[in-house]
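Q: Just so you know, the sequences run in chain order Z and Y. Taking my numbering, the leading residue of the first sequence gets 1, the next gets one more, and so forth. Taking my numbering, the leading residue of the second sequence gets 1001, the next gets one more, and so forth.
Calculated from the structure, these hints are not laboratory results. All residues carry an ideal CB built from backbone N, CA and C; glycine is no exception. Incorrect hints may appear among the rest.
Said to hold, decoys possible - No more than 25 Å apart at the CA atoms, straight line, and that leaves these computed lysine to any residue pairs for SDA-like: (1) Z:LYS117 x Z:ALA153; (2) Y:LYS1069 x Z:GLY155; (3) Z:LYS178 x Y:LEU1075; (4) Y:LYS1082 x Z:GLY155; (5) Z:LYS178 x Z:PRO112; (6) Y:LYS1401 x Y:ILE1419; (7) Z:LYS178 x Y:GLU1272.
To be verified - Each pair of labels, with its calculated beta carbon distance range: (8) Z:LEU70 x Y:ILE1318: 51 to 61 Å; (9) Z:THR35 x Y:PRO1085: 55 to 65 Å; (10) Y:PRO1380 x Z:LYS33: 46 to 56 Å; (11) Y:LYS1082 x Z:VAL115: 34 to 44 Å; (12) Y:GLY1205 x Z:GLU197: 53 to 63 Å; (13) Y:THR1249 x Z:LEU70: 31 to 41 Å.
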Amino acid sequence: MRRPLQTALIMVACGAALLGNGPLADTATISGKVTCRGVRDCAGAVVYIAKIPGRTFSPTTRAIMDQVRLTFDPLVLPVVVGTQVAFPNNDEVRHNVFSPSPVKRFNLGTYPKGVTKHVVFDNPGVVELLCNVHAEMSAYIVVTETPYVAHVAAGGSYALRNAPAGTYDVCGWRPELKAHCTQVAVRDRDTVQLNIELRR
Amino acid sequence: MRRWITGICLATTAFVLLPASAEGIPAFARRYETSCTTCHVIIPKLNPFGMAFRNNGYRIPPNDLKLVKSHDIPLGAPAWKKVWPEAVWPGAIPGVPPVSFRIFSDVVVNPTAAAKVNFVFPNEFEILAGGTAGEGISYFAELEITPGDNVDLARAFVQFDQIGGTTLANLTVGRFEVRAVPFSRFWRRLTPSDFLPTEFRNVSGGLDFKARQAGFEFWGAKTGSNGKGGVEYAVGVVNGNGPFADNNTAKDVYSRLSYKFGGFGVSGSNEEAGELQQTNNWRDQSVKVGVIGYKGTGLFGGKTDDFWRAGADVDALIGDLNLFGAVMRGRDTMTATSTSTEFTAAFVSAEYVIKPWIIGTVRYESIDRDKAQDIKRVVPAIVIAIRANVRVVGDWESFLKTSSTAGTKTLSGDSRARIRLDILF
């Protein structure tokens, strides 16, 4: 249930961002299949428009990286640059959240259930999250420069709907695999097919 | 006469009690929830896919994670790699214990022995373990228990796999069967009787390739650019004293180089398989040729033995037929007396898959020691997999020509038959 909610939040955020910054002419669809080499499946993979020249977007309005049942939830959280992410501890045990990532290096310290801490992500890139208390916990925040993000389905399919016209890079990324970007040219109401292969 | 018969009986008993271990272990079958026939023709003989699995550090190439069913327990999330060297590099342990068991029992028929029929029940009980410890590390261990409270840690090694991300660079550390052996007695031999050149000793107490050695082995395998066959190599340095601690400072060194023309890639296919193929995996169209060299120094009975071995082998897979053989030349020089003993050992074997569960095989073997001692042996056998993990094998060691060989207690010249029941679980 969490993923549809998250998708809806992203769509709301996208809508808000588009209303605030540009014309409502985003009618194209970019879709295809992502193939993930060297891993079990494409779980956690996302496809996103890296940057649209001349356009900026508002931060994601509501972004939460929860801590429950000794896991971060969700595994991958895409946000727009400038977004403040909340890190509530809703678990029965104390957790620590830190990131060794050069994109955003931070350490929130160890805190108990009921406490929420916040971090603003102001640079694009992938931020790995770890817990110093539980070595098996990890998650990722994908900080993008646009709100156009799609989660890849279990079978590898994805669809970036309401994409804008223009020429820009579409990127795929999955935990443990390298990001792969492809430049596409999109016109209004186009349906563009783009398959992406991700490798280690 | 009685002493002679007693000697024959003791030699026969010693021989049938010798370890005859396998490398095919159900721990792998459990991990991938697949049949033994995925990697074996009939246990323990590996098929080309099984050899590629072995060459990938007990991983299925090119994407093990996609096919493994029993998930590992992570020892730290992958992102901890980013924290290294300030934190421990993450690893993994198997979700289910990577342990297997094997029991085999023999009926030995020796017309010249006092007991012409001997039930060796069981001949051996083995505990086998093998698997991966996350990325880049694998392991294998084998504990052999034989009647009479004999326990031997036959093999135990750790492998650092795909160093630098290539199947061409791997390091094995521990006690293992050296890759200078032309054909493995663990994962290639179907018969209870060993390959004669493998068990042969040129001088009493000298090297035989049956002994597992303690040391380091750097090795690699790479499928050819056309996706078929490919190159394999190994170089190693070992104590050279088998299961015992070394008794001299000099180490044995060896190397092997082989190339497979055609057939399944030696390090696997580049294409990710959606599922594992469990049938007809023995078929291949390929020829592999290899050369080996081994040089060492032994110390036994207060005497120093400088020796070398050089050899070549051929392995041809033609559909259901496997023709393979090896020739080896060697010399041992006792430094105190400067006396040298040379030999040539060779064998050729044909194995034919009659049905997926039955293999007929015949092997002809020869030892020519200083052109003075001459041994010829033929070993026909039939191997029946009554289940994927249970087999019955009968062989007949028939000495066509024999002469006593000081260093080789097993070559008494007794023709004999064995029927073995072998189960792994």
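Q: All hints are to be evaluated individually against the structure, with a verdict given for each.
A: Outcome of the hint check:
Taking the CA atoms of LYS117 of chain Z and ALA153 of chain Z, the gap is about 30 Å. The hint is violated against a cut of 25 Å. Annotation: proposed proximity of LYS1069 of chain Y to GLY155 of chain Z holds, straight-line Cα distance about 18 Å (limit 25 Å). Between the alpha carbons of LYS178 of chain Z and LEU1075 of chain Y the distance comes to roughly 22 Å, so the proposed pair stays at or under 25 Å and holds. For a cut-off of 25 Å, the pair hint linking LYS1082 of chain Y to GLY155 of chain Z is broken: about 29 Å separates their Cα positions.
About 34 Å separates the Cα atoms of LYS178 of chain Z and PRO112 of chain Z, which puts this hinted pair outside 25 Å; it is violated. Restraint check for LYS1401 of chain Y and ILE1419 of chain Y: the C-alpha separation of about 23 Å stays at or below 25 Å, so the hint holds. Proximity of LYS178 of chain Z to GLU1272 of chain Y is assessed by CA-CA distance (about 18 Å); at most 25 Å being required, the pair is judged to hold. Here the CB-CB span from LEU70 of chain Z to ILE1318 of chain Y is close to 56 Å, well matched to the stated 51 to 61 Å.
The given range of 55 to 65 Å is broken by THR35 of chain Z and PRO1085 of chain Y, whose C-beta atoms sit roughly 33 Å from each other. Roughly 55 Å separates the CB atoms of PRO1380 of chain Y and LYS33 of chain Z, a value that falls within the hinted 46 to 56 Å. Between LYS1082 of chain Y and VAL115 of chain Z the beta carbons are some 25 Å apart, a value that contradicts the proposed interval 34 to 44 Å. Between GLY1205 of chain Y and GLU197 of chain Z the beta carbon distance is about 58 Å. The supplied range of 53 to 63 Å therefore holds.
For the hinted restraint 31 to 41 Å between THR1249 of chain Y and LEU70 of chain Z, the CB-CB distance of approximately 53 Å leaves it violated.
In this structure, the earlier hints numbered 1, 4, 5, 9, 11 and 13 are contradicted, and the remaining ones agree with it.
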